[in-house]
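Chemist: Starting from two chains that each stand alone, build the complex the way the hints lay out.
For the protein sequence lines, the chains are V and E, in the order given.
Just so you know, the first sequence maps onto residues 23 to 575 in our numbering.
Just so you know, the second sequence maps onto residues 3 to 438 in our numbering.
No lab work stands behind these hints: they were computed from the structure.
Each hint should be verified, as a subset may be incorrect.
Just a sample of chain V residues kept apart from chain E, beta carbon distances all over 10 Å, derived [as the list claims (entries may be wrong)]:
1. E66
2. D76
3. L245
Heads up, simulated SDA-like pairs for lysine to any residue below, C-alpha to C-alpha not over 25 Å straight-line [to be verified]:
4. K135(V) <-> D38(E)
5. K9(E) <-> E301(V)
6. K281(E) <-> D38(E)
7. K320(V) <-> F41(E)
8. K49(V) <-> I228(V)
9. K55(E) <-> A294(V)
So the derived label-pair ranges between C-beta atoms look like this [what the hints assert, rightly or not]:
10. N324(E) <-> E176(V): 57 to 63 Å
11. Q342(E) <-> Q543(V): 55 to 61 Å
12. T79(E) <-> Q543(V): 44 to 50 Å
13. A143(V) <-> N324(E): 43 to 49 Å
14. I58(E) <-> T112(V): 36 to 42 Å
15. D47(E) <-> R124(V): 24 to 30 Å
16. T79(E) <-> L414(V): 23 to 29 Å
17. I132(V) <-> D47(E): 24 to 30 Å
18. Q301(E) <-> E538(V): 38 to 44 Å
19. R124(V) <-> N73(E): 23 to 29 Å
Just so we're clear, the structure is a prediction, and the values are computed from it rather than from any experiment.
C-beta: ideal position from N, C-alpha, C; glycine also.
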Amino acid sequence: MILGIDVGGTHTDAVLVQNFQLIKKAKVLTDQTNIMASLLEAAEKLISDENINDIKRIVLSTTISTNAIVQNKTNRVAMVLLSGPGLSPTTLNLGKDTYFARGYVNHRGIPVKNVNSRQIADISQEISENAIQQIGIVGKFSSRNPQQELDTAELLQDSSRNISLGHTLSGQLNFPRRIATTYLNAAIYDIYRGFVQDVQKFVARIGLHIPVYILKADGGTILIDPSLDCPVQTIHSGPAAGIMGVLATACIREDAVALDIGGTTTDISVFADGVPLLEPTGVSISGRKTLIRGLYTKSIGVGGDSVVKVEKGDIVIGPQREGPAAALDGPFATPTDAMIVEGIVTFGDSQKAQNAIALIAKKLHMSVQDAARAIVEKTAAMIADNVRQILLEINNKPVYTIHELLEGKIIRPRMLYVVGGPAAIAPFIAQNLGYPYSIPDHSEVSNALGVAVARTTAEVTILADTEKRELIFSEEGCVQSVPRSFSTADAIEIGKKALHKKAVRMGARPQDIIMEVTESQEFNMIRDFCTTGKNIRVKVQIKPGLISSGAER
Amino acid sequence: MPKKEKKTGLIFFPAFDWAISTNHPEREERLLYTQDQVFEEGLLDFPNILEYKPGIATYADINRCHICVPNPQNLTTNSHLISAGGAITAAQKVLTGEVDNAFALVRPPGHHSMLVAHGARGFCNINIEAVMIEYIRHQFGVKRIAVVDTDCHHGDGTQDIYWNDPDVLCISMHQDGRTLYPGTGFVDDFGGPNALGATINIPLPPRTSDEGFLFALDHVILPILDEFKPEIIINSAGQDNHYSDPITNMSFSAQGYALLNEKLAPDIAVLEGGYSIEKALPYVNVGIILAMAGLDYSQVQEPDYDAQRIRQSPEITRLIENEVKNVMTLWKKKKNLKKQIAGAAKYIRREKNIYYDTDDITEKQIETVRVCDDCGGLVMIESVADTGKKIYAVILPNTCCPECRENGENIFNRINGSQYNHVYFQDRQRDIFVAK
Numbered sequence: 023m024i025l026g027i028d029v030g031g032t033h034t035d036a037v038l039v040q041n042f043q044l045i046k047k048a049k050v051l052t053d054q055t056n057i058m059a060s061l062l063e064a065a066e067k068l069i070s071d072e073n074i075n076d077i078k079r080i081v082l083s084t085t086i087s088t089n090a091i092v093q094n095k096t097n098r099v100a101m102v103l104l105s106g107p108g109l110s111p112t113t114l115n116l117g118k119d120t121y122f123a124r125g126y127v128n129h130r131g132i133p134v135k136n137v138n139s140r141q142i143a144d145i146s147q148e149i150s151e152n153a154i155q156q157i158g159i160v161g162k163f164s165s166r167n168p169q170q171e172l173d174t175a176e177l178l179q180d181s182s183r184n185i186s187l188g189h190t191l192s193g194q195l196n197f198p199r200r201i202a203t204t205y206l207n208a209a210i211y212d213i214y215r216g217f218v219q220d221v222q223k224f225v226a227r228i229g230l231h232i233p234v235y236i237l238k239a240d241g242g243t244i245l246i247d248p249s250l251d252c253p254v255q256t257i258h259s260g261p262a263a264g265i266m267g268v269l270a271t272a273c274i275r276e277d278a279v280a281l282d283i284g285g286t287t288t289d290i291s292v293f294a295d296g297v298p299l300l301e302p303t304g305v306s307i308s309g310r311k312t313l314i315r316g317l318y319t320k321s322i323g324v325g326g327d328s329v330v331k332v333e334k335g336d337i338v339i340g341p342q343r344e345g346p347a348a349a350l351d352g353p354f355a356t357p358t359d360a361m362i363v364e365g366i367v368t369f370g371d372s373q374k375a376q377n378a379i380a381l382i383a384k385k386l387h388m389s390v391q392d393a394a395r396a397i398v399e400k401t402a403a404m405i406a407d408n409v410r411q412i413l414l415e416i417n418n419k420p421v422y423t424i425h426e427l428l429e430g431k432i433i434r435p436r437m438l439y440v441v442g443g444p445a446a447i448a449p450f451i452a453q454n455l456g457y458p459y460s461i462p463d464h465s466e467v468s469n470a471l472g473v474a475v476a477r478t479t480a481e482v483t484i485l486a487d488t489e490k491r492e493l494i495f496s497e498e499g500c501v502q503s504v505p506r507s508f509s510t511a512d513a514i515e516i517g518k519k520a521l522h523k524k525a526v527r528m529g530a531r532p533q534d535i536i537m538e539v540t541e542s543q544e545f546n547m548i549r550d551f552c553t554t555g556k557n558i559r560v561k562v563q564i565k566p567g568l569i570s571s572g573a574e575r
Numbered sequence: 003m004p005k006k007e008k009k010t011g012l013i014f015f016p017a018f019d020w021a022i023s024t025n026h027p028e029r030e031e032r033l034l035y036t037q038d039q040v041f042e043e044g045l046l047d048f049p050n051i052l053e054y055k056p057g058i059a060t061y062a063d064i065n066r067c068h069i070c071v072p073n074p075q076n077l078t079t080n081s082h083l084i085s086a087g088g089a090i091t092a093a094q095k096v097l098t099g100e101v102d103n104a105f106a107l108v109r110p111p112g113h114h115s116m117l118v119a120h121g122a123r124g125f126c127n128i129n130i131e132a133v134m135i136e137y138i139r140h141q142f143g144v145k146r147i148a149v150v151d152t153d154c155h156h157g158d159g160t161q162d163i164y165w166n167d168p169d170v171l172c173i174s175m176h177q178d179g180r181t182l183y184p185g186t187g188f189v190d191d192f193g194g195p196n197a198l199g200a201t202i203n204i205p206l207p208p209r210t211s212d213e214g215f216l217f218a219l220d221h222v223i224l225p226i227l228d229e230f231k232p233e234i235i236i237n238s239a240g241q242d243n244h245y246s247d248p249i250t251n252m253s254f255s256a257q258g259y260a261l262l263n264e265k266l267a268p269d270i271a272v273l274e275g276g277y278s279i280e281k282a283l284p285y286v287n288v289g290i291i292l293a294m295a296g297l298d299y300s301q302v303q304e305p306d307y308d309a310q311r312i313r314q315s316p317e318i319t320r321l322i323e324n325e326v327k328n329v330m331t332l333w334k335k336k337k338n339l340k341k342q343i344a345g346a347a348k349y350i351r352r353e354k355n356i357y358y359d360t361d362d363i364t365e366k367q368i369e370t371v372r373v374c375d376d377c378g379g380l381v382m383i384e385s386v387a388d389t390g391k392k393i394y395a396v397i398l399p400n401t402c403c404p405e406c407r408e409n410g411e412n413i414f415n416r417i418n419g420s421q422y423n424h425v426y427f428q429d430r431q432r433d434i435f436v437a438k
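Bound-form chain E, shown alone (with noise of 0.2 Å):
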């Protein structure tokens, strides 16, 4: 049966005159052969896909959700401004209603970039999607949004921005913590507490393949992403679930792509991870862009696919039924966990060790948010890092309700700066960002 075409917008974006490093996965040759595939199926010559130049970001874009140490000048090349502008402008597409969904396919990727950034880690500088969400937020108003994070690795920068935030839903499907990096995502990382549920987290067993990816998309995400009700669907989308990435372990398939992008119907996608860019890469990106536009996908396949070799075994079978149950669990019991967690208490403390490993940078970080039933709540940030730099932020949720608001504009006035390299002040309602 013929589907439903849709007007899919592509911003594409290889940065063919940017690496990490020489012989760093994320390097000039990355999106190399996936252009060279979009070009030979002639892709964008069907009148429903749109090839959009990127724009660039503006810093001011990334204070809307980034606490950069020094600042964002400091921390970003204008090849990260390229790659969040270029989230940007699919968003525009989509909202001015020019498109029906878009797809960034950029580099370099974001998703590993925390609120507080003193450097590279995950080979992410600054958090695309993030400053994409706060551009949504600002320019169009829009509320609810939902980002689900189908990359192989934990989208914890992601988590860490939105943390607090009851109306931003981060749902980050990926292999387990406990044999891939960054080590988090467990199911019980749920949200701070006057966002809990706003994130979810499915670790999945080394070698799940389309099997296990759909299950968990139909058994959680679905019915979640339902009931939340989003006005924008986010797929944070990296490749490196695929069977030939050089640097995980999963089994996921260039269909299976194809078909998780169809079901989840993303309003958004933005290129994330994904290495094999050779055996992968071509094949995945041409059937999300094929799903995206409603286009026959069923053809799209690896020169070396064979189904039977990366089937996964009933064990992980079973493991990931387990995995979807506990976390449905949490989500039902969302409502009541509060009270057990926070108690009478008015400020909930969080202390975290963030380690850089792209730029090799130690940051010790004490998190308080402010216990709040109106509001995502006032944060306060300390952070120290390995490099010298302590610093102090005050963050208003982008709802933010007036005792937050009094609260941390007293302590934002008062705080003795004498002691920090820099203190910010981060208005995420009223869009004020000031250093001091």
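In isolation and in its complexed conformation, chain V is listed as follows (with noise of 0.2 Å):
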């Protein structure tokens, strides 16, 4: 059995799941000042003494990490940066604790300028005077070669110091996004492992000796003590519970596109043969662009609350909300109100909707039945109209290659899911696209259930470069000697059996360690026409998921 858990902003959802069926849940208010408190109110609602020696495996989502953020709850943060010659700073968005110091390696990796000891000392000594004890250092190009980084943070190390490094946040390339990522690693560093210490303290309060997990961005798990090497990995862990929690709830395996409609936003998410699609680059938060793995979504300012009002003639539906349904005593007719008069869903004061459409219904000159149709039918477009929007974008991504231009993947939804409290809208978005649609069970506490049954994911990054006879596993930031010889295949081998070893320690069992090569490229060094090398890219994924059953056992 597992106990799942969503500790959201307002409430804190749990399950107890065995063998992907919902046993038991419950449902709590988050008091966002003793989080340990609400843990606990949500799990004795579950727990018994029959069944909590059944219990194997505890996972937790939060918005802990995403809330600081938003809310500036963060701690200071000294950047250190190894920038070299490019892009100008000034056109980077930098607090004023940066720090800009020498040295920088190019595309390949190879040293340009190296770092000098005394300006860091320098740095160092400012950092103290000015009392910042997390510091984030990041080199352009520190995913090809990581030793910048560590050398700066030998030379900043300090027992009262807690420092974030770059390359190993992510192996992608992209250095404002890098410095993003860590600044927020930093950021975070103190209120995650507050929330972490809850946790431990929960865990031991109701006497359990069992692992306990957390949700990354990507919908994928992590054992908690290494997650607090990189808090910033469980922001956006509140929208990956939602889409794993349709992914455990629908059973999808085909194309799909699936619609969390809320109060005043409608996410979507879409599904690529049944796997949720991550960012292309990385999450966004607070305007800051990552690079940290994370589930696709987007949001749109339509929602069962937003504001209905009339423009020139015409229904005009949100952004805003402002405040519940007429049905429940708000101040202006909602999409809500419109599904209550046409009879799609029943509650609140019936009679307060009608009168809210009717005000509606009059400057449209229209009936009252139909300016609640055309409410409807126009939420319902506004949301299809984005999906088809989306689908646009994702389908039109550049790519790199004459195969994948002409024959890449091309997604095309059979399916429609939706969940949230306004999902009874379902009907008309799905008619307006065209395909059929589905309202999976336990839409209420589907975060929790997918929190609990999600994977490990974890991805390896490898580029070897048989010019200098090195290849380096990004993430890790560990360099090794290959030979002359070494090929891609090599590379794949050596890049599974690197992941195989990370999901481990990340907390993965060996049965749901389920593999994908997702880059494999070759590349022929040629100098003065001659071949010098090969320059070999590879990327290997556990992508996101359910665990395999039996895994309560």
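Modeler: Shown next, in the form of structure tokens:
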């Protein structure tokens, strides 16, 4: 049995799951000042003396990291950048505690300028004077050669400091995003560590000695201890839980679109052959673009409680929310009220809904019934238009080989999955889109359910340069020598071994380690018309998905 | 001072699965490090830099500017259609106003492909700029277009396609043809009899550095563009003038390229050559993209950049000043040249021997143009290649006068096809292409 808990901003949901079946569920209010109390309260509703020994693992998702960033409850961070020439730093969004240091490596990871230890000593001095404990170190192309980041860290190391290194957080290229990612990792360190301590106290309090996992932005799980090295991976754990929830409750195997319709917004996510899509480069949070691997989701300003107005004879829906539906004593007509009038849903005071829609109907010179229908259809059409737009963008994503351009995968959804309060609008959206819909069961606790059955995900990036006779594991930052005859097949094999090791360290059970090669490119390097080596690039991942059955045992 | 930001479209298509041959400079690896640098600098995250997937050019697009022997199907692979399609996508984004300017960072290149194409020359099968230009004219009705070819090699293909077209100004600035492939592009190559001055060549001596390129830009290219008043400026943006390029001898830098693009302000840039794939392209491309987008490129620099080492000698400076003077003298008297060149002749013939280095084909060509004061003039071409192919082509210009049209149609209808493998009729004005 698995205990899945989703610590949301408002509610904490908890479920007990066995063989993918929901055994018990609970919902309590989240006390932001005392997370442990909320965890205990939810757990107590599920755990009893009879079942406690059957629980084999706990998995949590949390909005703690996200909220800390959005609400600016973060640590002060000193950023040390080895930026070299290129894009002017003035174009980057950098804080006041930014220190530029000498040293940089080029695109092949070859050092061009070395780190200057005296300069780093001066920077160290300044950081001490400002009493900053969190430090981020980021080098341009550090995912191609981490040595200068490591050297700098060694020079700045001190027991009072905690250092985040850019290359450890992602193997991808993108210096500005690496800076943002590293900054955020350092900035939420303390608050995240506080959360982890709360969770550990909670587990001790209920007297369990079982593995505890946390959900990452990519919908995969990681053991809570190693997660302390990369708190930033837990941002967007909430939306990720939502998508994993749909996956868990709906058994998606085809190309599909999922909608989570809330009061203010609708979150749209997309599945390719049943696998949720990842953001191509990384998730964005509070206007910062990062390299954090995360599930693709797009939020649009249409929801059940969006304000409905009439402007120039047309119905306008959202993007504001001014309160609940009129049926629940809200100030304005909303799509929810229209759905009540239409008889699609029943709750609240239907007369109040009727009255609010009547005001709209008058402005449109229509009957109340016609106006309600028009609002429902318009709401559905707005959501459907956004879905089409998103699919167009995804299917038009630039690719870099002729093969992909001509034969690349095109996503053609066959099913629309809808969760959330106003999910009853689904038939209208599905009709507009031209494919069938489904409203999964247990959608009120689907996040916690998704969290419970999510598998551990991980990714390994490998770059071999046989001219340099070197191979680098980008995220691990380690380098090993390779022979001239090293091939892509060798790189894939090494990559799989490294990924396996990494996944086990993160808490994956062997039966859940299903690896996939997401990138494999080999280039002949030719200098002066002679082949001097090969440039091999390989990425191996465990894609987001559910654990294999029997996981509870 | 902050510059004015522009919305720049980027069509990046490195064709990582295509090469002319394994060891060829035009191979899979060519834009690999450029991709790395563009990604690492985070250029695609700027709100004013928008990346687009290339379209795929059609054979009809190619038939608007080329006479492909026997047909475009036999002369192109998917890579060529995508590379030309990428240039077309760049044009679409600019002309529909979706972006202010666009850079087609695509391969393979095209500027050595001539009007008649029997095969590949100078790594080029079809002229991707010309395919794009004819698309622009056909779809958007744009009349006056300027191509500034900043590749180190003379843009002889583009020059050939527009030799008789007074509405397309082709300026090529390149390493002196006496020292580099394709060995052409001298100052007195000035356009056909009805299009004198619509072809401009600025040969530069080997080891010309930033100073020399920018001098030619300021003293020839920009003044001529001012006078010509094109609706659209295209930079045929080769990057092989770089000091580290392995197959040329110039001394241009990434900073120089960026500044050139800022001053030239092309509406569309299309990548041509450039084979210093590790030491030049990553930095030159980042510089050009930033300059086009109006972003600060002042910190972009090659790791081994040394201004002293690559500075041009005073002697080179004098040579360039002299060349510039020659071009401008010719430009100023272009109106009087026609009488001198054509005299009373009704038709003017040009004989050409063309070598296709990439495919090892030799072609003999006789081009005849009708001297006309009302349009670019009817063009007839007879071409024989050592592949055994003999063809004849009748080409009506983009704005064609009734007399040239009547003559051209008559010739095509009456021609005895039995002595040719193929006879072609290309009507650029009405977008008609017939092969028989």
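Chemist: Against which earlier hints does the structure fall short, listed by number upward?
Modeler: 12, 13, 19
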